[in-house]
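Assembly of the complex is requested from the two constituent chains, each provided in isolation within its own frame, with the hints serving as guidance.
Protein chains in written order, with numbering that gives the first Met the number 0: chain A, 0 to 212; chain B, 0 to 151.
The hints are simulated quantities; they were obtained by calculation from the structure and are not laboratory data.
Mixed in with the good hints, there may be bad ones.
Short derived list, chain B residues pointing at chain A, Cβ under 7 Å [said to hold, decoys possible]:
{"no.": "1", "residue": "LYS48"}
{"no.": "2", "residue": "CYS70"}
{"no.": "3", "residue": "PRO74"}
{"no.": "4", "residue": "TYR106"}
{"no.": "5", "residue": "PRO107"}
Since we're looking at a predicted model, the values are computed, not measured.
For every residue, glycine included, the Cβ atom is placed at its ideal position computed from N, Cα and C.
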Amino acid sequence: MSKASDSILRIPIVVAHEKLGLSPNQISVFGFLLGLAAAGLTAAGLLHWGMIALGLSQIVDGVDGGVARRYNLQSKKGRLLEVVFDRLSELAILLALAFAGYATLMMAGLAFLSILLSTAVQPYSHFDPGFKRFIIYFGYAATILFHVPGFQIALGVIFLANLTAFAAGTVIADYRLQTEIDRQALIRRENERATGVPPQPDDPPSFLSKLFS
Amino acid sequence: MTILPHLLLTTVGVQALGLEGKDIVLAYGFGYGIDLVDHPIKLMLYLRKNGRKNEKNYHWRTPLQEPVALCWIIPLSLYLGTAVPVLFFASHFFLDYLVGYEKRPWYPFSTYSTEGFLTRFSDGAKEIWTCAICGVAILAMGVHQIAILGFL
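Next comes chain B alone, as it looks inside the complex (with noise of 0.2 Å):
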């Protein structure tokens, strides 16, 4: 999916969770972040294959952020004594596997590749529906919220 649905989801969970201090730097590099980390490494390639041409099938993905990469993020939750690494790569992976293209889950250790789920859908609808849904949370979270503060 596009930066914006990652965006949103992740300030649902953070605020969901009443996350806090470092908590919130962890929720937003994992959920949101590692997009930032993994697309510029493929930037190089993606150019010299087809300049500045849109090629939305191009595999520019990483094992960073498919589900193999649960392979170092659960130990490092533990190390850090948190899930919250955990959740939103969770969420990440989650969110991009609604979307329909290619997707090397378990690279390099398979070759299995898939389009994620869903995909009988536009992955445009899903784009606005996850922005909607999560829009309306933030937004009745946030009245929430106000109404707490107002009553105290």
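For reference, chain A alone in the conformation it holds in the complex (with noise of 0.2 Å):
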């Protein structure tokens, strides 16, 4: 979740901190237990409150971040406590769908594998595909409304987003350092010229820039 959800939860951020004297963290620790109710519920067969469940988890996840944001308090332990209990929450939920039958055990493992891979990668690329749990909605929705593997054409989806969101990611930091690199280069070499260095002499030409020149 993130500021612009801020707004739309303003009353149930301001009632869980002011009128029910609720931090950040204690709110985090309230939406993964709903979080692995939705796991138990929908493993137990009780798809409809499972999703339920989820999406009120949902809510709450957005309602720890916008408490911090609000009030000024943030902390790296918040932060670090609300990405703990998502994978968590999201390993359970997937677990739960695979027990139920409505997803391969190995159709959720590797969802989840790329969901930790995409969050590796997160801090040096700044990218987050996110919405995992709105595609598990259009899952649902599939499976009640069409009567179709929902569920594992939801999984396939968050683990090809993810999978992609990490390979791009790597790329992304890469390029980064990249023209890092040969920004630090061209300073030096602008330094060399201005104090009268003599450049380093150039690589001889390659096979293919002999053959087109």
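Set out below in structure tokens:
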């Protein structure tokens, strides 16, 4: 959840902190417990209640960040706690879907692995595909409305989107590094020119450049 | 390495494993085509820094063709139910690590860099030997297949 959701969740944010006196970390724990409840209900075959609990946990997930931002209570520990709880509740719901027979265990495992990969690269790339739980809701809608294996398809989408995010994230991080290396090399070259240091000899022409020259 | 050894080694792999249909597309995609996606990403940076001048040691690889890419290629292979992407991608970076220019195998998770292996031999010699070995293998397998067809 982001700053954009803060205005939508303004009332629960105010109520949670000012009326109930909850800290962002306490709200994160509550959201995590709701996520586990969603997984438990889904695994027990109560799919509709499971999806409702998942939706509630997503709202609570937005409230903790909103409280932290609104009341300036952001901390490294809080951010880490939110990421750990998010991943654990995602693991729980994916396993629950597999346990209830809505998706294969292989697909659930691959989807979770891809989520872990995109989480691992996110600090370097600052790129997160997000929308994981929304895709699960689409899977639910497809299963109910069209009687297709909606969750299996949804998990496939989550897997491919997060895998793409990981691959793109590594490229973005590398591109940034290379841009910085080149910038420093150009500054060094300019300095050498200014101070009269003889430039480094160029590489000999390659076979291809000779061929096409 | 340049395009030719990658192309030849991929062809050897396709012939040796007797791949067909979708697997051939995956084999050429991961054994050879990955270069065609990877290098254009950094082409703008290369041109901005070096212009049209040849700078052999410029790092114009991205993590798409480094071993770190196995993190996404192995799960993708499991999803597709075939080991072809992993095998042919491994053959691709094996050839790249034979030639001696800077590589960052685990970036962004590690800034460790290496020039690969067998660095005391010339890159040109390694390219020629690779092409020669692969060329002979392709011919040998081709002759073998023609012989089998002849006996039938």
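Do the hints match the structure? See the list:
1. LYS48: holds, 5 Å
2. CYS70: holds, 6 Å
3. PRO74: Hint on PRO74(B): holds, closest Cβ of chain A at ~6 Å, below 7 Å.
4. TYR106: holds, 6 Å
5. PRO107: This interface hint holds because 4 Å falls under the 7 Å limit.
Hint compliance for this structure: every hint is met.
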